[in-house]
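Asker: Based on the hints, put chain B in the right spot on chain A.
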Amino acid sequence: MRDPTTLETHPETTTALQELASDPSSRRRFLKMVGGTGAAGALTIFLAACGSTKTGAGSTTAATTSTSAEVAGDLDVLNYALTLEFLEADFYAAVIASGLFKGAQLDLIKTFGDHEQAHVDVITATVKKLGGTPAAKPKTSFPLANAGAVVKLAATVENLGAAAYLAEAGKIVNKEVLAAALSIHSVEARHAAALNTLLGKSVTPDGPFANPAPRDQVLAAVKPFIV
Amino acid sequence: MPTDSMLAIPELGGVEIHGLTRGSFILKGALAAGAVYGAASVGPFVRQAFAAGGGDVDILNFALTLEYLEADFYKKAQTLSLPANAMKMAKEFGENEQAHVDALVGTIKKLGGTPVAKPTFTFPLKKPADFGKLAQTLEDTGVSAYNGAAPAITSKEVLGAAGSIVQIEARHAAAIRLFNSETPAPLAFDATLQMQEVLDAVKPFIG
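Chains A and B are the protein sequences, given in the same order. Start counting the first sequence at 1; every next residue gets the next number (our numbering). Start counting the second sequence at 1; every next residue gets the next number (our numbering).
Chain A with its partners taken away, still in its complex shape:
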């Protein structure tokens, strides 16, 4: 461990870079690890963080003991999130099946659909890990009249999804579940911004601070799509 005062007299980023770059083996391991970006990789990381089975030496935010009420609260948030993710994954699956898109737009839709399915898988596994029962997959139906209407609906759904996660963050007790929810939240925001861009809309419709959407508002908005 270096003396912080020494460091402060040499604050150049390059010094830190020099040190960091000098260990190629750890860099290789790291790059290999983050290279596995599929659902399986994410799932492993998520569960390792959430659970008690793997507590590495670097696990500084070690599981604090949650009360059963706190676990129940987190499960409630997770199952709500799972319902929304089921909807999103189903929506993209339906859009892909509709044949309305091809080329780069289809690729983007497929990517987003893969993300939502990865969220479904990880949240389902996390609910089980915490001892809960995953919410049932709702039956859905979406109006897919034409490509323009679909992109608009996708943007609505994603913007709503990001706002929904934002509203839930403060309710989560388990820090690992919170970290995971945040890592999903910002991905929903990326989807929303990309779709807004396709529509020629502002990527930040709320201005410099995003607004949360409470559950009743979100559930009312998605109700038409649950059959």
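Bear in mind the hints are in silico, worked out from the structure with no lab data behind them. No experiment lies behind these values; they were computed from the predicted model shown. It is possible that some hints are incorrect.
[Said to hold, decoys possible] Think about it this way: if two alpha-carbon atoms lie no more than 30 Å apart in a straight line, the pair counts; the simulated DSBU-like pairs of lysine-lysine are:
1. A:110 - B:133
2. A:171 - B:109
3. B:133 - B:118
[Unchecked claim] Beyond 10 Å from chain A on every Cβ pair, some chain B residues (computed):
4. 54
5. 56
6. 58
7. 78
8. 79
9. 82
10. 84
11. 91
12. 105
13. 118
14. 161
15. 163
The C-beta atom is built at its ideal place from N, Cα and C for all residues, glycine as well.
Answerer: For chain B alone, coordinates are given in the frame of chain A:
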């Protein structure tokens, strides 16, 4: 000095922060981690830096340092002859970052803390073509940094504020990625979880 080919994000290595606060210090380490390992490593780094405590004001001052950096970046970017769509983003996003600066200063004061002074920054930003890639990196880094720091926040109000800011950073990141003809959302999860290799590598730089 490591060569560019050794770095995941070479341009991040060219960003300099001249400040001696803890926030500046952690941000320097975060950028170094990002330069070497990629933006996804920033979250774990920041998370580790705050895991030992420090409190909400400490985290907010770190966020403020990051927002100062972003606001300054967009301000400097606007002095370049950017194409119209890039200039529009630089202006709008710069305004958002300045709003974040103002809000964080206000929140820190409200909590009885002292907002850190604005550090000076140097960016590898010489020609219009430098803008897109660096903007993308800084925004991705910002997302990762907020996501890494947020779980250590104790106040629900502060967490909510951080969440409403990080969502904007994520939106910026996606828009700039599209501008750069890159995927707006490279991962299903914006990495925040700890990765031992990064933590070991960056440990000496956490003050």
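Asker: It remains to establish, for every hint, whether it holds in the given structure.
Answerer: Tested hints:
1. Restraint check for residue 110 (chain A) and residue 133 (chain B): the C-alpha separation of about 25 Å stays at or below 30 Å, so the hint holds.
2. Straight-line distance between C-alpha atoms of residue 171 (chain A) and residue 109 (chain B) comes to about 25 Å, which keeps the hinted pair within the 30 Å bound.
3. Taken as a hint, the residue 133 (chain B) and residue 118 (chain B) pair is honoured in the structure, with Cα atoms around 24 Å apart against an allowance of 30 Å.
4. No beta-carbon of chain A comes within 10 Å of the beta-carbon of residue 54 (chain B); the shortest separation is about 13 Å.
5. The non-interface label for residue 56 (chain B) is consistent with chain A: the shortest C-beta to C-beta separation is roughly 13 Å, beyond 10 Å.
6. Annotated as non-interface, residue 58 (chain B) keeps its C-beta farther than 10 Å from every C-beta of chain A; the closest such distance is 15 Å.
7. Listed as outside the interface, residue 78 (chain B) is consistent with that label: its C-beta sits roughly 17 Å from the nearest C-beta of chain A, beyond the 10 Å cut-off.
8. With a least beta-carbon separation of about 22 Å from chain A, residue 79 (chain B) lies farther than 10 Å from that chain, consistent with its non-interface assignment.
9. For residue 82 (chain B), the non-interface assignment is confirmed: its Cβ lies about 17 Å from the closest Cβ of chain A, beyond the 10 Å cut-off.
10. Once the 10 Å rule is applied to beta carbons, residue 84 (chain B) is consistent with being away from chain A; the minimum gap is 14 Å.
11. Interface exclusion of residue 91 (chain B) from chain A stands, the closest Cβ pair being 13 Å apart, more than 10 Å.
12. For residue 105 (chain B), the requirement that its beta carbon stay farther than 10 Å from each beta carbon of chain A is met, with the minimum near 14 Å.
13. Against chain A, the non-interface label of residue 118 (chain B) holds: every CB pair exceeds 10 Å, the least being about 15 Å.
14. Not every CB of chain A is more than 10 Å from the CB of residue 161 (chain B) (nearest about 8 Å), against its label as outside the interface.
15. With a least CB separation of 5 Å from chain A, residue 163 (chain B) falls inside the 10 Å interface cut-off, contrary to its annotation.
Consistency with the previously given hints fails for numbers 14, 15, ordered from lowest to highest.
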